[in-house]
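Asks: Take the two lone chains and join them into the complex the hints point to.
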Amino acid sequence: MTVFDEARDLDVRGERRSERGSLEKQMGRWGLLFISPWLIGFFFLTLLPMAASFAMTFTNFNVTQPDAISFIGLDNYRRLFTDSDLRAALEATFKFFLLAIPISIIQPILMAGLLNAGALRGRRFFTTLFYMTYMVPVVSAILIWGGMLNGQTGWINRFLAIFGVNGPDWLKSTTWVYPGLILIGLWGVGNAMLFTFIGMRNVPHELYEAAEVDGAGYLRKTWNITLPLITPIIFYNLVLSVIGLFQYFTIPYIVSRGTGEPGNATLFYNIHFYRTAFRFQDMGYGATLAWLLFAIVMIFTLLIFWSARYWVYSPGGSE
Amino acid sequence: MTNAQVETHAPSSEVTSSSTKSGLSKRSRDILAGVVITLIGLAVLIFWLIPFAYMVTTSLKSLEQMQNPRILPESPATIEFDGKELEVYEVPMPDGSMQELALFKPGRESSLFVDPNNLSAEPIEWEGRWRQLDPAYHLDFQWQNYPEAWKAVEFPLLVRNTFLIALFGIIGTALSSTLVAYGFARFPIPYKNTLFLILISTIVLPRQVTLIPTYIIFSRLGWVGTWLPLIVPHFFANAYNVFLLRQYFLTVPKEMDEAAYIDGANPLRVLWSVILPQSWPVIIAVSISHLIFAWNDYFEPLIYLRARPDLQPISVGIQEFNFLYSTRPELLQATSLLALIIPVVAFFLAQKYFMQGIVFTGVDK
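Taken in order, these protein sequences are the chains called L and G.
Under my numbering, the letters of the first sequence match residues 1 to 319, in that order.
Under my numbering, the letters of the second sequence match residues 1 to 365, in that order.
Treat the hints as calculated values from the structure; they're not laboratory data.
Virtual Cβ for every residue (Gly too), placed ideally from N, Cα, C.
The reader is advised that the hints may include incorrect statements.
Taking CB as the label site, the calculated pair distances span [what the hints assert, rightly or not]:
#1 L:Tyr208 x G:Glu154: 49 to 57 Å
#2 L:Phe163 x G:Met66: 36 to 44 Å
#3 G:Asn117 x L:Gly122: 37 to 45 Å
#4 L:Phe163 x G:Asn117: 56 to 64 Å
Subject to a maximum C-alpha distance of 25 Å in a straight line, what follows is the list of computed DSS-like cross-link-like pairs (lysine-lysine) [said to hold, decoys possible]:
#5 G:Lys254 x L:Lys25
#6 G:Lys26 x L:Lys221
#7 L:Lys221 x L:Lys95
#8 G:Lys254 x G:Lys192
#9 G:Lys84 x G:Lys105
#10 G:Lys192 x L:Lys25
Partner residues aside, some chain G positions facing chain L, computed with beta carbon under 10 Å [said to hold, decoys possible]:
#11 Leu42
#12 Ser120
#13 Ala121
#14 Phe168
#15 Ile171
#16 Ser177
#17 Arg186
#18 Lys192
#19 Thr202
#20 Pro206
#21 Pro213
#22 Gly222
#23 Val316
#24 Asn322
#25 Phe323
#26 Leu340
One chain only, chain G, in its complex shape (with noise of 0.2 Å):
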């Protein structure tokens, strides 16, 4: 069989390699390449994080603010001046400096202003069309979005919909997962290697294949518009978390088991005592795993709780506020801050635990 081959000999004609050609010493190359790809870098990370300024800046702007060309929360700026509301210009002053003043008295070719910082002055005469001018703007940002909507979209209720969900399914799927984990790892089960393949191969099976008799189940036992089909199936453990447990037990030395059953321990007692002590790490990546997956999940309870807005997780909910609110983009994003800002606060939080399920997955040395 071929495999993709591992060339490590280059033709050796082309030793001259291009460092003796360039000027530069390796120390300075070195420094360059360092400068150049961290450039490139900022330059990618900013594509990358730039929507969430797009959405922090779009959540703290009214409908106006939106129409106009700033990208900060701004607003044309005003005073009060003799009991009148003026309006603030950007006004180029004859010592070619710009300066904010309000017009006081508008007329075709020369106007009055008033300096807003110095109101008890005199009115300054301004010569040209006041309205060729731009307007000044403020800083002005609509903090009342975020009550708003807050209470449109019952955050708290989501919320608590969400983890509750999450929570009773990591509880299955940890449980469940880490006694199937422990019994692939270390029993002698008949037919195990063929039991475990198509453990394995129900990553492939889609889930659309088992739906709609699943469905009709559930529908016949009363859970439909319930939390259950969002939970039970998990205590039946899954092929990935399994995979990643049995990886993870797999490092565990046998030796201290067999010490333990030595000692007179029972299977059970051994996975207490002695594997999972060791496994923690692995038990959490399980666990935010399944929590980032209840987060996100959609399909199914759109299925069982289309009826039941007062059960939905988040997904579902913001999705219904957002076939409403279509035309109130601030709330939209104020909605998504609001909805990221707990995953993203925990991940910063405990990344390392966030990122270990990967590690574990186990690319090999």
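If we strip away everything but chain L, and leave its shape as in the complex, we get (with noise of 0.2 Å):
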């Protein structure tokens, strides 16, 4: 079951349903006085800064010159269509996206589905050691691989050439660095792999039986029972992946000291989005960015969720 399950099935499971009157608006106040942190906080630093940040896309607001602000209408919105940066992140996103988003979600399934094999030995020993990595902090990672990629030093490279490939230089390339930043962020997949790992765990072991009277093999099995059964777990990994996706930062401006290069390769959306509102300090046009990423996350994420009806497993049948 995941987050947004819960959160739609919470009044099925409404709390105190029996006892009303007054207790039960005094035990409300405590429930309110208990919820306070939240409200004020998503008062104060979720709801104002969102209506302060789409106000701003209508002025040219620079933190370096806060009495200059003056509304400007649409500019900033007809800026985004001429905008080459833009563009650019765009493009570089995209790109990244069609290759990063089904390794975000196959990688998870195929590690959990090796820990989960019947067959396998020191199942705590993997376990533990492949979700170690999680706990390497992302400038290590990347100062690691980006070593182990490095055109001529790079163990890859020279690995490859014992069988004379010649290795690129990976993240000098336009077309090499993406394959080389999944690399850097594969030792991330810890909590996505031990979640999927725990989905399969979970799975009725009365459903294999079943399935084996059938005569059903691996791979049968795997399709018709494990992976649906897992959906719900997808489902969540895919929704984290693309708003994370859209967010990715660290690891390329890294790698590229916040350049974009190689090219405008690594120029992501949210490192075009940084250099606006934070280098330039042009934080009108940097809100306008902002709700744009967020138009597009909304899409992508509402997309999923209307696409679950078709592929994600609901246990107790339809809704």
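Replies: Structure, rendered in structure tokens:
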């Protein structure tokens, strides 16, 4: 069950239905008191800034000259169509999307599938070591994999050279930088893998036994039982991966030192946003970029939620 | 509405299973499968962990050693002989063996060598071109890279900054998320479901949308260049932690609350003496996940602490160092190791709690 289903199903297990009256009112007040940190934070750190940032999209606000602010109508929105860096950023982000999203879905499934294989010996040993890399700070992972991917001295190219393959200069090539970034990110699979693994462990054994009686082999069981039953987890990983992708920042920023090199291949959306809003302090247009990002993320999230009815298994039948 | 169907009924014509075809017994097939799968696992694991070997070996090399083709930090061996420094080579001996000998007197077609293990013995004359010999390599670790990296990145300062930022953040998020989760788990709040749905949906809200006005407010408050923007927002709970804690609180039997209420306890007392004593594992899980977050958070420290290197956490601090020392890969790798050693060792010491966070997120049975 995912976070989202949980939110939807909340009323099913609603609390204290039976006891109404003044006690309930009093308890309600206690409840409001307890959730007040979030209510206050949501108002001041989410709602108000959202409104302010939306208002800023109609201004030319620059933090270095706050008094020179003026209302410029839809100019920022028009600028979206002429901003060549934005076009490059969208191109880089969507190109990377095509590679990164399938991998972020398949990698946890393959690794969890390995951990879940009945015949595997030393399951705990493997789980611990595969999960451990999740603890490696991202900056360390970038430095380590950056060294591994070095065109001359990196181990990956040295390994390829054994087979006579002349490896590319990964992080400096507009084509190979994307697989390079993927490799740097592989170690972060920890939670997605563990989550998928637990999902697989929770598949009722009887289903497999019944399938075996009917003569189903490993592939058939995986395709018809395991995968359908973990679709809620795949769904959850997919939503988080898509959201994460549009906020992709630390790895490309450190790899390219914020330049977007090679070419504009690592000028991802969030890097363009950072440069506009914080390096050039162009906050009015920066806010517009943020809202465009929000719109794109919302469209993708809604598409995924809408598509869920066709492929995500929900226990207990429809709805 | 269509759901993915769980097909447990495969066509019955396929009942002849492969096991009857192969001559192996079930037992030996199981053993074979175990060996094959475990070997695949080991192969993946080697790929997974080999970058650590790269990091450690590179961190112990000198720039010169980086140029030679050896994997380990090795240097061409030399010995002192007769007040001169002689280079040691791998010399093929007439009997077919290889011996490490020091070149004493080079010649075009034959050279004189001395045995480094027996310097008093007569020099050995060897027929052949010494230039075609491979130099002998000996292990030569550059341990001084570590103290150098330690000083260059000001490691103790970065760790202190990261720990303090993380610590205050943990206090904030554990405290606020516990209260909010308790509220959602136990009390009849008006519009509770809607509020909870809003809370959960903030997960999909990109932080860029609120970032600019928040930055302006913090900058007006004079908080830019301090830790406050990295700490204070965590005192207002967040969706993941509230969800996790609430899931856990729901598993604490309500009868226990009710018994405490009958004894005259108020809701705060119930939280303190009934819920919390049973919830330490999940609170520790939440704290650890915040620690990891603080150790990795890059974007906000970059924005708020750009001008204050003395206050930067490890993520941004090491990055600045990386810009300056890009020509010194050995120091970069030594720094990577310094930066990962604390979280990784902590993980091995407290694995149980690290992975619990995930288990609690409640994949239903």
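Asks: Against the structure, test the hints numbered earlier, and report the numbers of the ones violated in rising order.
Replies: 2, 4, 7, 12, 13, 14, 15, 22
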